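Undergrad: What follows is each chain in one-letter form.
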Amino acid sequence: MDGFHDLGGFQGFGKVPHAVNSLDYKKVFKQDWEHLAYSLMFIGVDQLKKFSVDEVRHAVERIDVRQHVGTQYYERYVIATATLLVETGVITQAELDEALGQPFKLANPAHAKGRPALTGRAPFEVGDRVRVRDEYVAGHIRLPAYVRGKQGIVRHRTRVQWPFPDAIGHGDQSAALQPTYHVEFRVKDLWGDATDDGLVVVDLFESYLDKLDSPAVQP
Amino acid sequence: MSKTDPSANPSTPGERAWALFEVLKRKELIPTGYIEQLTQLMAHDWTPENGARVVAKAWVDPAYRALLLEDATAACAQFGYTGPQGEYIVALEDTPTLKNVIVCSLCSCTNWPVLGLPPEWYKGFEFRARLVREGRTVLRELGTELPANVQVKVWDTTAESRYLVLPLRPAGTEHLSEEQLRQLVSKDVLIGVALPQLA
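Protein sequences appear in the order of chains B and W. Residues 1 to 219 in our numbering are what the first sequence spells out, letter by letter. Residues 220 to 418 in our numbering are what the second sequence spells out, letter by letter.
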């Protein structure tokens with residue numbers, strides 16, 4: 001889904017609040033509740049086996065935009081986990097509201113049911129020129145919009161395959177396994193000439209790509 | 220003001236997190252020690268010192284370097300750096316004309332066992348939005364000015380590959396031991412926004 005989470009290239013932000021090699025990453029959890037975000041998430045994923053991490057990502061994406069903008073990072077994972085635990089019937093909205101003493105705002109319901117992977121095609125090879133499919137998906141997708149329709153070069157195909165996010169992200173246990181490809185794009189092909197030069201490599205599932213007829217690039 | 224009117228008395232993120240904890244606890248869905256064990260891993264065991272160990276060894280051991288570049292998952296597993304968010308690791312080799320830097324524009328994916336959990340700024344809107352569009356400018360703002368002949372290559376962690384940057388070994392470090400070399404490799408160096416530097 002095209003949402004606020006898909007921040008690549010979004011303009012209007014100021015400077016990154018950091019100076020290199022400061023030790024501000026210590027300690028890892030700065031508030032006494034932050035460790036709960038991942039811990040409770042993994043209870044749902046690994047212990048209860050009620051949902052996948054992909055579904056958690058989708059639940060984060062479903063947090064209402066006005067709320068999302070104001071949230072802290074770990075807060076989004078608490079909201080997403082609570083949402084999925086309610087949606088899978090482990091807990092209820094009423095139980096959350098009662099424990100909090102006021103309404104516990106969850107993420108919005110899913111906007112779509114997900115989609116299967118494209119299968120039956122030959123895999124791409126390193127050096128192949130590919131184009132990112134020009135698709136608009138209302139459900140979960142692990143494709144940043146800034147490469148949609150763009151051309152790049154395959155630099156790596158993973159040796160491992162994973163469930164297609166657009167399916168498993170909606171709880172589809174039959175999601176096809178696919179490799180991903182490290183596709184290299186030129187910055188000027190993504191953002192025009194009025195920016196810094198350079199390259200961007202995006203890790204893309206096979207179903208997001210089409211091979212172009214033009215000759216492969218020598219490694 | 221009613222206590223149940225959220226606009227009058229909005230709950231904090233911490234109160235909401237503990238409320239979810241409480242609901243799960245009442246249902247006895249939290250295994251004994253589960254949160255403590257996972258928190259130990261996240262807060263203490265997964266640190267950038269792990270990645271520093273990998274980089275320093277690659278600087279002094281050509282065979283290990285070759286393995287790291289061919290199969291970083293295996294190279295990191297030699298140290299026991301494996302597990303969630305470290306299942307398919309790829310090392311990104313800097314050269315005199317190429318600077319690699321990692322981001323996750325969609326959220327926060329990072330190589331947990333090798334780099335540690337990502338720092339706040341890495342998960343922040345500014346870094347996620349800007350790095351893929353103006354990488355050189357962002358690096359400069361953070362304090363890393365690159366020569367004009369060095370190309371910036373940004374790696375967007377949008378699927379299951381998890382990266383670490385293998386930076387150039389700085390000049391003037393020939394006399395340093397592997398253990399001393401580790402001290403040059405910070406979390407920012409592993410992400411790629413900083414260069415290893417002699418103190």
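Where hints are given, some of them may not hold.
Claimed, not checked - With the Cβ distance kept under 7 Å, some of the chain W side facing chain B (calculated, not the full set):
hint: 1; residue: R235
hint: 2; residue: W340
hint: 3; residue: L365
hint: 4; residue: W374
hint: 5; residue: E379
Unchecked claim - Ranges between beta-carbon positions, derived for each pair:
hint: 6; chain 1: B; residue 1: L118; chain 2: W; residue 2: L365; range: 35 to 43 Å
hint: 7; chain 1: B; residue 1: L118; chain 2: W; residue 2: P389; range: 43 to 51 Å
hint: 8; chain 1: B; residue 1: D64; chain 2: W; residue 2: V279; range: 46 to 54 Å
hint: 9; chain 1: B; residue 1: G101; chain 2: W; residue 2: D264; range: 31 to 39 Å
Since the hints were derived computationally from the structure, they do not count as laboratory data. Source: prediction; values computed, not measured. A virtual CB, placed ideally from N, CA and C, is assigned to each residue, including glycine.
Undergrad: State for each hint whether it applies.
TA: Taking the hints in turn, this is what the structure says about them:
no.	hint	in the structure
1	R235	holds, 6 Å
2	W340	holds, 4 Å
3	L365	violated, 10 Å
4	W374	holds, 5 Å
5	E379	holds, 5 Å
6	L118(B) <-> L365(W): 35 to 43 Å	holds, 39 Å
7	L118(B) <-> P389(W): 43 to 51 Å	holds, 46 Å
8	D64(B) <-> V279(W): 46 to 54 Å	holds, 52 Å
9	G101(B) <-> D264(W): 31 to 39 Å	holds, 36 Å
Comparing the model with each earlier hint shows a violation of hint 3 alone; every other hint is respected.
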